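Work out the full structure, taking the sequences as your base and the hints as a guide.
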Amino acid sequence: MVMLGKLKEHFCGELESGEAEHAQCEYCPLGWVLHHGKCYYFSEKKKNWSNSERFCNSRAGSLAVIDNEEEKTFIMNRMKMEKGYYWLGLSKGKDRWLWVTGAWLPAEKLHVTGSSGSHSCVVCGMDEVLAESCFNPNEWICEKATMEFPTVKRASLD
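Residue numbers (UniProt numbering): 1 to 158.
It should be emphasised that the hints constitute simulated quantities derived from the structure, not laboratory data. Keep in mind that the hints are not guaranteed to be accurate.
Said to hold, decoys possible - Label pairs and their calculated CB-CB ranges:
| hint | residue 1 | residue 2 | range |
| --- | --- | --- | --- |
| 1 | G31 | D95 | 20 to 28 Å |
| 2 | E70 | M147 | 20 to 28 Å |
| 3 | K94 | P29 | 33 to 41 Å |
| 4 | M76 | A103 | 13 to 21 Å |
| 5 | N136 | R78 | 16 to 24 Å |
| 6 | A145 | G114 | 30 to 38 Å |
Keep in mind that this is a model prediction, so the values were computed, not measured. Cβ atoms here follow ideal geometry from the backbone N, Cα and C, with glycine treated the same way.
So, in structure tokens, the structure goes:
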């Protein structure tokens, strides 16, 4: 129990004695980036879309799904620091774009360019979101929920 407390303090900082019992401490695995309650992994290797999704699934995640404008801004800002294009969890269904969660993408939420022909998966890079063949190798972005240190109650010495 002492070791768990030391790990929690290392990752989360020292908590005030009154808040320690109820405080939540979220963290991500090594190599992942914490942002607003999610963990993101930005690959350095290249795979096709299916193998990228498989990689994310094997680590209890999925290819990144952009849920809101803030998350879009975070990912697009990160892309300005990176070189290349990264797979997102978005692919073409019969007649519309679908996230790996099964939710469909309204056209006004994320403007995908080049969305015709054999380009049925989506990459992002710099300031653009592009349709691309799912078979092309690209880097990818995984996302998953954060992990939390369990709350440990201190034993009473009474």
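Verification of the supplied hints:
Checked against the hint of 20 to 28 Å, the C-beta distance between G31 and D95 comes to roughly 37 Å, which is inconsistent with it. For E70 paired with M147, a C-beta distance near 22 Å keeps the hint of 20 to 28 Å intact. Here the CB-CB span from K94 to P29 is close to 36 Å, well matched to the stated 33 to 41 Å. In this structure the hint that M76 and A103 lie 13 to 21 Å apart at CB holds, the actual value being about 20 Å.
Checked against the given bound of 16 to 24 Å, the beta carbons of N136 and R78, roughly 21 Å apart, stay inside it. Between A145 and G114 the CB atoms are about 32 Å apart, so this pair conforms to the stated range of 30 to 38 Å.
When each numbered hint is compared with the structure, a violation occurs for hint 1 only.
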